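Chains as they are written, first to last, in our numbering: chain Y, 1 to 396; chain X, 1 to 381.
Since the hints were derived computationally from the structure, they do not count as laboratory data. All the given hints hold, so there is nothing to weed out.
Estimated spans, in silico, between C-beta atoms of each pair: (1) Y:D68 x X:T79: 28 to 36 angstroms; (2) Y:F28 x X:W218: 55 to 63 angstroms; (3) X:D89 x Y:F28: 28 to 36 angstroms; (4) X:Q64 x Y:D68: 23 to 31 angstroms; (5) X:A158 x Y:A373: 39 to 47 angstroms; (6) X:E37 x Y:D341: 29 to 37 angstroms.
Some chain Y residues judged to face chain X by a derived CB distance under 10 angstroms, without partners named: (7) E26; (8) F28; (9) T31; (10) V36; (11) E38; (12) R88; (13) A303; (14) D304; (15) R305; (16) R312; (17) D314.
If you want a taste of the chain Y side facing chain X, the calculated C-beta under 8 angstroms gives, among others: (18) R29; (19) P30; (20) D32; (21) D34; (22) Y35; (23) S39; (24) L40; (25) P87; (26) A95; (27) E308; (28) T309.
Everything numeric in this text was worked out from a predicted model, so none of it was measured. All C-beta atoms, glycine included, are put in the ideal place defined by N, C-alpha and C.
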Amino acid sequence: MTRTLRRVLALVTLMFPTLSMPSLGEPFRPTDDDYVLESLPTRLVGDSRLRNLRALRSELTQDAENLDLAVRLASDYIAVGRSEGDPRYQGYARAVLAPWWDLAQPPPDVLMLRATIRQNGHEFDQALEDLERLLRIRPRHPQAWLTRAVILQVQGRYAEAYESCWPLQRSNRLLAAACLASAASSNGHAEGSYDLLRRTLATTPVADIEDRLWALTGLAEIAIRLGRYEVAEGHFEAALALDVRDIYLLGAYADLLLDLDRPRDVRRLLAEETRSDALLLRLAVAESRLGSPDFDQHAEMLADRFSETRRRGDQLHLGAESRFHLELTGQVDEALRLALDNWRVQREPVDARRVLEAALAARDAGAAAPLIAWLEETGLQDVRLAKLVIQLQEMA
Amino acid sequence: MTTSIKSKMIVIWAMLWLAAVSVSWAHKPSDSYLSVERTADGLSGQWDIALRDLEFALGLDADQNGDISWGELKSQHETIADYALARLDVTAAGVDCTLQATDHLVDRHSDGAYSVMRFAATCPNNDGLALDYRLFFDLDPSHRGLLRFESVDGEQAAVLSPDASQLELVPHQFGAWRQLVQYWREGVWHIWIGFDHILFLLTLLLAAVLRRDGDGCWRSVTTFRPALLEVAGIVTAFTVAHSLTLMAAIFGWVSLSSRLVESAIAATVVLAAVNNLYPILPGRRWVVAFVLGLIHGFGFAGVLVDLGLSSSTLAIALVGFNVGVEVGQLAIVALFLPIAFWLRDSWFYRQVVFTLGSGAVALLATVWLLERGLDMKLLSL
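With the hints as extra help, turn the sequences into a complete structure.
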């Protein structure tokens, strides 16, 4: 069968979700005892972190009410979940905190973790409530201020986010600079923010490796918004060289490479990343541009995952699903609907981009009008968004 | 610095980092796929549980090499069944249906391999079920059970969570109209696949475009009207008869063993077919349809019971199913009658369709009669 024909078939299957909905096969009974059903990601095998988790967990089963132990285990779960992009660990963390979870006034550490878990589940308003409560009893809690800033920024409340970064100055200059730069750059001060963050990074040589990672990712993102793609790529490469696995970093870098029309580099970067929906999506976009034989399989995997997620009733994948339809199935109206739903919850530049691109493809400038008004109001600086806005205005 | 303070510091720095970026999730959270099917005397079902969840709860990776093999999974099947089934309660009218694992397989979902457990239970009566789901909620409150419940009333889907872990699966919550349609469909379906009923009816109808003269020979009817009246008579008589016995059986006024009923149905087909060749049954054909139709009603009752009935939906089921059977019948008649009328004078109709056809039906039904009566297999039909 020719490649074109196979792709057409794959697209047909994608457009009729019911055809691809049932799991890939019927239940079966392997004949060989050594047949491997599931593998942990190789990097986690023999990972001391996981062994520690196991040890902590069994310690905690003996002593479920031990707050210190529970807080440690829950934070570790959240950290592993973050680097693996696996939401199960959020649930494990929550279960560990069960004795305190429903208290009106949980201990401060639990309050902090509860806010983080809620943030990760996109329950932004409840998370903010927890943080306000925590800051009333611990007015200097650096993490509470930082988390608050991040959530406010996701909600598009840049001025408030900026305010929330200041108290960090006292405890961690680099994080404070990254936080301020990120908020201010979204608020019309991208150039100054970029310089501030770069200077702070250069003058903080002994920073924690993960703080550096965040600062470099932040620098790259601001550079992209300013249209300085080569500079951004340098920051991404520097961040990758730190050798800390980070799904957000990989996704952001892949997006830049796709914008620069370098799908081959994306395939190289993400070749092994099929476990992660966010990364698999970018990989599939690259493969579709390359006409790669793996495209069919990966696109079908994505369609299955989205339909299974929908069955669960979650709203966490709206943005990704919108992009999936926009770039891979050509169902632009569906892409626009999902992008607008996503915009109701999340208001980062990438979420705005989903709406603008889908509106452009669906030739529906009206759908994007409120968002464009909002962008003007906040002064969000982003060359790619600006270009899309102009295209939409020309169309209207 | 004491260990406790030191560990606290580590926690704080770890947490600082956690907040830094809004997370883009790579996987979907933990789900299990539970499908339950209501059968006449209980339920059967299938439960797909992610190996990753089972690994976390029970530890499947015995040799800790990072791979879960079929052998490792197999050795834990009993443990898995005990663990999972202890966290799923199904009750019917307050009485526990004891779930038993019947088979263990594997399947792949979009996010990895799942252990597939099939199970069955005998439930004391035919009313609604109550379900209480607790799997993994203590380990991961974001776990969800995705339920698909199937019964004669249709399909129902639900998401089970710690806040909504209990569910009533009451048949009539689907609404009377939907149930009526569902039973109606079953009725139509049953008459179409119920080969013996169709053959019985067709055998009687074969002669409707002919009439037997005093000399015992068949002549064609000259106009369509008598043929139509004859058919209407036969179909009505058959309908009234099997409706009566269907009701009698469902309400428990008469109770016959299914083997007896099935054999008798085969016998009615033999009689009807032979009667086309030699007049052995007295009376007009609608009378024959009525008397023999009584037996077919008991057969329909058996099907209806197999579909699962509850006292609350009995009337709806009876009406819907019966109307469905009639519609199915009428469709067959509508197809058959014009063709038969058109061909009635031809040699082909007389010799091949009528004579040979009746003979073949008689033979086939005799085989059924023997099979059903003696409980043996003669034809692989």
